[in-house]
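Engineer: Listed below are the residues making up each chain.
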Amino acid sequence: MDNIDPSLSFSDPGRASRPEQNRGDRFVVAISNIASLLYPALMVVICVQVLLRNAGRGGVGPGNQAWMDDLQWWIYGVAVLIGIGYAVTTNSHVRVDIFFDSFDRLKKLRIDSFGLSWLFLPFIILSWDTTFHYAVSSVVADEGSDSPNGLHNLWILKVIMNAAFAFIAVATVAAFLRRMRQLGKNQWWQKLTWALPSVAFVLNLVIFYVLWWFTYATGPEDMNARAVSRAPIFGELEFWGQEMKYTVLMALVATAALIALTYVMRDKSLDNSTPPPPLAGGADDSLPSGSPTPGSTASESK
Amino acid sequence: MMSSILGFINNFMTLNELAVLAMFITFIVLLFRGIPVAYALVGVSLIFALIGEIFLDPYRSFFRDIIEFDRTGIDYRRLAVLPQRIFGNIVKNPVLVALPMFIYMGLMLDQSGVAQRMMHSMQKLFGGLRGGLSITVLLIGIILAASTGVIGASVTLLGVMALPAMMAQNYQKPIATGTIASAGTLGILIPPSIMLVIMSDQLAISLGDLFMGALFPGLILGALYITFIVIYGLIKPDAMPAPEKTEEVGWDVVKDVLLAVVPPLFLILLVLGSIFAGIATPTEASGLGAAGATLLAILNRRMSWQVFKDVGRATMNTSGYIVGIFLAANFFALVLRRFGGDEIIQELVLSTFSDPYMIVLFILGIVFLLGFLLDWIEITIIIMPLMLPIILGLDLAVPGFDQVRDPSVVWFAILVAVTLQTSFLTPPVGFALFYLKGVAPQGISLSHIYKGIIPFVFLQLLGLGIVFYFPELTTWLPSVAYGN
Numbered sequence: 145m146d147n148i149d150p151s152l153s154f155s156d157p158g159r160a161s162r163p164e165q166n167r168g169d170r171f172v173v174a175i176s177n178i179a180s181l182l183y184p185a186l187m188v189v190i191c192v193q194v195l196l197r198n199a200g201r202g203g204v205g206p207g208n209q210a211w212m213d214d215l216q217w218w219i220y221g222v223a224v225l226i227g228i229g230y231a232v233t234t235n236s237h238v239r240v241d242i243f244f245d246s247f248d249r250l251k252k253l254r255i256d257s258f259g260l261s262w263l264f265l266p267f268i269i270l271s272w273d274t275t276f277h278y279a280v281s282s283v284v285a286d287e288g289s290d291s292p293n294g295l296h297n298l299w300i301l302k303v304i305m306n307a308a309f310a311f312i313a314v315a316t317v318a319a320f321l322r323r324m325r326q327l328g329k330n331q332w333w334q335k336l337t338w339a340l341p342s343v344a345f346v347l348n349l350v351i352f353y354v355l356w357w358f359t360y361a362t363g364p365e366d367m368n369a370r371a372v373s374r375a376p377i378f379g380e381l382e383f384w385g386q387e388m389k390y391t392v393l394m395a396l397v398a399t400a401a402l403i404a405l406t407y408v409m410r411d412k413s414l415d416n417s418t419p420p421p422p423l424a425g426g427a428d429d430s431l432p433s434g435s436p437t438p439g440s441t442a443s444e445s446k
Numbered sequence: 002m003m004s005s006i007l008g009f010i011n012n013f014m015t016l017n018e019l020a021v022l023a024m025f026i027t028f029i030v031l032l033f034r035g036i037p038v039a040y041a042l043v044g045v046s047l048i049f050a051l052i053g054e055i056f057l058d059p060y061r062s063f064f065r066d067i068i069e070f071d072r073t074g075i076d077y078r079r080l081a082v083l084p085q086r087i088f089g090n091i092v093k094n095p096v097l098v099a100l101p102m103f104i105y106m107g108l109m110l111d112q113s114g115v116a117q118r119m120m121h122s123m124q125k126l127f128g129g130l131r132g133g134l135s136i137t138v139l140l141i142g143i144i145l146a147a148s149t150g151v152i153g154a155s156v157t158l159l160g161v162m163a164l165p166a167m168m169a170q171n172y173q174k175p176i177a178t179g180t181i182a183s184a185g186t187l188g189i190l191i192p193p194s195i196m197l198v199i200m201s202d203q204l205a206i207s208l209g210d211l212f213m214g215a216l217f218p219g220l221i222l223g224a225l226y227i228t229f230i231v232i233y234g235l236i237k238p239d240a241m242p243a244p245e246k247t248e249e250v251g252w253d254v255v256k257d258v259l260l261a262v263v264p265p266l267f268l269i270l271l272v273l274g275s276i277f278a279g280i281a282t283p284t285e286a287s288g289l290g291a292a293g294a295t296l297l298a299i300l301n302r303r304m305s306w307q308v309f310k311d312v313g314r315a316t317m318n319t320s321g322y323i324v325g326i327f328l329a330a331n332f333f334a335l336v337l338r339r340f341g342g343d344e345i346i347q348e349l350v351l352s353t354f355s356d357p358y359m360i361v362l363f364i365l366g367i368v369f370l371l372g373f374l375l376d377w378i379e380i381t382i383i384i385m386p387l388m389l390p391i392i393l394g395l396d397l398a399v400p401g402f403d404q405v406r407d408p409s410v411v412w413f414a415i416l417v418a419v420t421l422q423t424s425f426l427t428p429p430v431g432f433a434l435f436y437l438k439g440v441a442p443q444g445i446s447l448s449h450i451y452k453g454i455i456p457f458v459f460l461q462l463l464g465l466g467i468v469f470y471f472p473e474l475t476t477w478l479p480s481v482a483y484g485n
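Chains A and B are the protein sequences, given in the same order. Take the position in the first sequence, starting the count at 1, then add 144; the result is the number in our numbering. Take the position in the second sequence, starting the count at 1, then add 1; the result is the number in our numbering.
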């Protein structure tokens, strides 16, 4: 590709930070690379649809296919949701970098870690949890389609949507752990503390679902969801005008206990470790470059 | 202590207004620390949802004694509407299908070598004239803008191709860089454009109307730039000198130019022509355009497995971060509405002026100022939906020629689109500047670039004024295109 005009060769976004990537990052990149073929596929579907419809107007062929209209936004929807995760891994979500650009490397890494684990990850967990219920109720209802000739089995798409949020969560956790390693925070108690809200949120969900299924499984034969949620363990603690669910309280205690436990069991020899230097070769993606390479992949569209 | 502070605040605003204000301030602080927009939006929303649920709502009777407060009613169960919104607004959104397709088309067109060919041939045709290179750049900018819907890539493209030639001919640095930055930026205004795709989604108006409506304003802006360059060349000949030795312009050169212009004209015909002729919907036209650009890349022998893969992956990345803001803004809007933020902002904007046209100008002024710091993605996705009910409620006499639905919204959207042209050029955060700096040869500093964009920002504001005084410019073409 050397003889080609530099403005032509933008690089593969997933490769830029390859040396620093961990297994989670590489998983995200691999899946996204496969999913990127959805865009040419979408292009083909649209072209075929236009041809069919216009041929159909002339009395040739089957004409417009309603299911292909649906297929277009099915493909688009899946592809862009995966793209959100991909953009987390490639660190290309849009930011205002007037001040950020002048921060030193460690400060940039700390800001990134905070954004990922305190702000973005809790939202992705929330989205995963709520889309999970959404998908389950769609599966239970065996949801079809709202247009008679459209694409059926809408529940498939809703299940994929839920899976996509799990995928984004993997991308976010992997990106967070990569930055923890770059910051030299290799101990579990450090990582857990840095991701405190996300850890508490996940523990809350785990405790809730474990108790829920336990109550459901051990309850009487005719136990239904409503009866489960009325079980005393799902009650609320009242204090100073507040209502706090027992499960939330348990999650908070469990979070504190987990961090305390990992702190006690830490590898004391690493206590005074310093952050590792950036890898050679300028492959450090934590620095969204001040002067982009020609046609830099980060933001072609802006 | 706290109650006396709140009591004092009660003189100016309600607790809801205070919370909304705090929400925006927190957002801005996070933004300027360098937190990505999408993360900052969802983070702020989570923080304030939590504050509403565990602090403001439970103690509402305490607060109400001191300060006006409407309960937010946020709780975890209520957030269960989130997946419906994500599914309905983002996934099941036939209009937004055009977004990745136009991005794909733009990236593919970059790889196809079409622009390079135009540059080489047109440079020969106009190169001998004073200011010829600037005019070449502007013409290519307009033609590329009408064939693709993204910017950034075209600014780098023009910068790499034209800037060295302009320097060799001793063009003044500011005028050279200003021309390139503004020519590349036209891509996002002249249809097809991904910005118009997003606006059509956020403002619930027809994408076809927007495309047709933006055509004249975009061309007017292009014409203004060219007129400016011609006049400037007459007044200050030294700024854009003609080369000392010129080759004779023969028929070969003209033939070359015509041949080079054919491929982009083919794309324009494919995308805009198919919409105009009713062969394809605007969304489908994006797919046709992507296929057309792919075809051009193959015909120019630029296509390889590597190019094919890279274009797909770069499309994945770009659509990912744009849709990421969509996702985040959806949640932000949900929480903001719980605090009554929509109405608070509406009342605030409506209370500024009584004349509806002044209100429109006020909003455009805000967009212009925001454009210095934010770029079009955030502005269109976060601000536009808040403005929609305001515009619908205003009594604006925009002719719809009995064909265009919501003509005032179409007009408003185009006005905002023209205003946002400035956001690419205004420092400190202007993406055209950023890209141009990235590819500028030695000796061109940011201050040259900053100086160069000033006249063009004024030209953009002039274009804005023209569209403001003649709303027909935005609604006449759609009314004809869809009239029959």
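Simulated from the structure, these hints should not be mistaken for laboratory data. Please note: incorrect hints may appear among the correct ones.
As the list claims (entries may be wrong) - No farther apart than 20 Å at their CA atoms in a straight line, the calculated lysine to any residue pairs in the SDA-like style are these: (1) A/Lys-251 x B/Ile-29; (2) A/Lys-251 x B/Glu-54; (3) A/Lys-389 x A/Arg-410; (4) A/Lys-389 x B/Leu-51; (5) B/Lys-93 x A/Val-303; (6) B/Lys-438 x A/Ser-155; (7) B/Lys-93 x A/Asp-286; (8) A/Lys-389 x B/Glu-54; (9) B/Lys-256 x B/Phe-217; (10) A/Lys-389 x B/Pro-165; (11) B/Lys-93 x A/Ser-155; (12) B/Lys-93 x A/Arg-162; (13) B/Lys-438 x B/Glu-54; (14) B/Lys-93 x A/Ile-304; (15) B/Lys-93 x A/Val-350; (16) B/Lys-452 x B/Ile-467.
Values in this document were obtained by computation on a predicted structure and should not be read as measured data.
Engineer: Give a verdict on every hint.
Structural biologist: Cross-check of the supplied hints:
no. : hint                  : in the structure
1   : A/Lys-251 x B/Ile-29  : 19 Å, holds
2   : A/Lys-251 x B/Glu-54  : 32 Å, violated
3   : A/Lys-389 x A/Arg-410 : 32 Å, violated
4   : A/Lys-389 x B/Leu-51  : 14 Å, holds
5   : B/Lys-93 x A/Val-303  : 14 Å, holds
6   : B/Lys-438 x A/Ser-155 : 19 Å, holds
7   : B/Lys-93 x A/Asp-286  : 18 Å, holds
8   : A/Lys-389 x B/Glu-54  : 13 Å, holds
9   : B/Lys-256 x B/Phe-217 : 28 Å, violated
10  : A/Lys-389 x B/Pro-165 : 67 Å, violated
11  : B/Lys-93 x A/Ser-155  : 31 Å, violated
12  : B/Lys-93 x A/Arg-162  : 34 Å, violated
13  : B/Lys-438 x B/Glu-54  : 47 Å, violated
14  : B/Lys-93 x A/Ile-304  : 13 Å, holds
15  : B/Lys-93 x A/Val-350  : 31 Å, violated
16  : B/Lys-452 x B/Ile-467 : 24 Å, violated
Comparing the model with each earlier hint shows violations of hints 2, 3, 9, 10, 11, 12, 13, 15 and 16; every other hint is respected.
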